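Here the working numbering runs 34 ahead of the position in the sequence shown, where the first position is 1.
No lab work stands behind these hints: they were computed from the structure. Source: prediction; values computed, not measured. Some clues are possibly wrong.
[To be verified] In silico BS3-like cross-links for lysine-lysine, where the CA-CA straight-line distance does not exceed 25 Å:
hint, residue 1, residue 2
1, Lys195, Lys185
2, Lys200, Lys139
3, Lys184, Lys246
4, Lys200, Lys227
5, Lys200, Lys185
6, Lys195, Lys227
7, Lys246, Lys139
8, Lys246, Lys227
9, Lys249, Lys139
10, Lys184, Lys139
11, Lys227, Lys249
12, Lys185, Lys139
13, Lys184, Lys195
[Claimed, not checked] Label-pair ranges, simulated between beta-carbon atoms:
hint, residue 1, residue 2, range
14, Thr118, Leu172, 56 to 66 Å
15, Leu124, Phe261, 41 to 51 Å
16, Lys195, Asn216, 29 to 39 Å
Note that beta-carbon positions come from the ideal geometry of N, C-alpha and C, so glycine has one too.
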Amino acid sequence: MAKHVDTAEQQLDEASTEKGSSDQALTEEAATHENPAADEEEKKGVDRTSRWKRVRSKQRSDRGGSLLRGRLKPSLTSTLVAITILLGSLVGWFGYNAFQSHQEKTQRDNLVAAARQGAVNLTTINYTQVEADIQRILDSSTGAFHDDFKKRSDPFVNVVKRVQSKSEGTVTAAGLEAWSGNEAQVLVAVSVKTSTAAAPDQQPRSWRMRIKVEKSGDAAKIAEVQFVP
């Protein structure tokens, strides 16, 4: 009988122990799921903290980029201004050089044209209008050549009229030999057809003249003439 009592008490103790363990497990489980709202708030707090950190990081990055752009902007502006000034200077320099080259070419062309016309005037003389032809030569010449030709013009007119001379010159080529400012030396090739009362049908002759031309006032005029073999 005592044995059965001990056994019953032992079973009660074991049941009590199992119940205590079960109650502890239930208590722990209940504690785990006791406040889901608090868990959610905790998660939200973590999320907000994470988002705040990301925002702060982005703000610092933006400030850094703004500072970098702030430093680069004046430098870039200065560079663009310098490039603009340089390009403007180059355009002005090239423009001036082009204008100067054009002016020089125009001046050379005018001097060569004056030499060509001078050669035509010297070789085109008709006894029927010899005075006008001589005056044309004087008008297109200057300096010592002008003065010397004027002194010799009267005897020359008399000879032309006496032999009834006619001559007509045509420039076949002209080239600039030397040029300096308002002066030029030009080599001119001329074909001259001449006739007189005694020899009306003569073959054209080829002459070469080295003509020095100088600018006198607004026009270029003959200053010296040499016949070249």
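Verification of the hints:
1. The hinted pair formed by Lys195 and Lys185 meets the criterion: a straight-line CA distance of about 18 Å does not exceed 25 Å.
2. Proposed proximity of Lys200 and Lys139 is contradicted: the alpha carbons are some 36 Å apart, above 25 Å.
3. Our distance criterion of 25 Å between C-alpha atoms is met by Lys184 and Lys246, whose separation comes to about 18 Å.
4. With a C-alpha separation of about 8 Å, the suggested pairing of Lys200 with Lys227 holds against the 25 Å cut-off.
5. For the given pair, Lys200 sits about 22 Å from Lys185 by alpha-carbon distance, which is consistent with the 25 Å threshold.
6. Between the alpha carbons of Lys195 and Lys227 the distance comes to roughly 17 Å, so the proposed pair stays at or under 25 Å and holds.
7. Among the hinted pairs, Lys246 with Lys139 is consistent with the structure: their alpha-carbon atoms are about 18 Å apart, no more than 25 Å.
8. This hinted pair checks out: Lys246 and Lys227 have alpha carbons roughly 24 Å apart, not beyond 25 Å.
9. This hinted pair checks out: Lys249 and Lys139 have alpha carbons roughly 15 Å apart, not beyond 25 Å.
10. For the given pair, Lys184 sits about 32 Å from Lys139 by alpha-carbon distance, which is inconsistent with the 25 Å threshold.
11. Distance hint between Lys227 and Lys249 is unfulfilled; the C-alpha atoms sit about 30 Å from each other, more than 25 Å.
12. Between Lys185 and Lys139 the CA atoms are separated by roughly 35 Å; this puts the pair beyond 25 Å, and the hint is violated.
13. Restraint check for Lys184 and Lys195: satisfied, since their Cα atoms lie roughly 17 Å apart, inside the 25 Å limit.
14. Against the hinted window of 56 to 66 Å, the Cβ-Cβ separation of Thr118 and Leu172 comes to about 58 Å, which satisfies the hint.
15. For Leu124 paired with Phe261, a C-beta distance near 50 Å keeps the hint of 41 to 51 Å intact.
16. Checking the proposed 29 to 39 Å range against Lys195 and Asn216 shows it holds: the Cβ atoms sit about 37 Å from each other.
Hints 2, 10, 11, 12, counting from the list given before, are not met by this structure.
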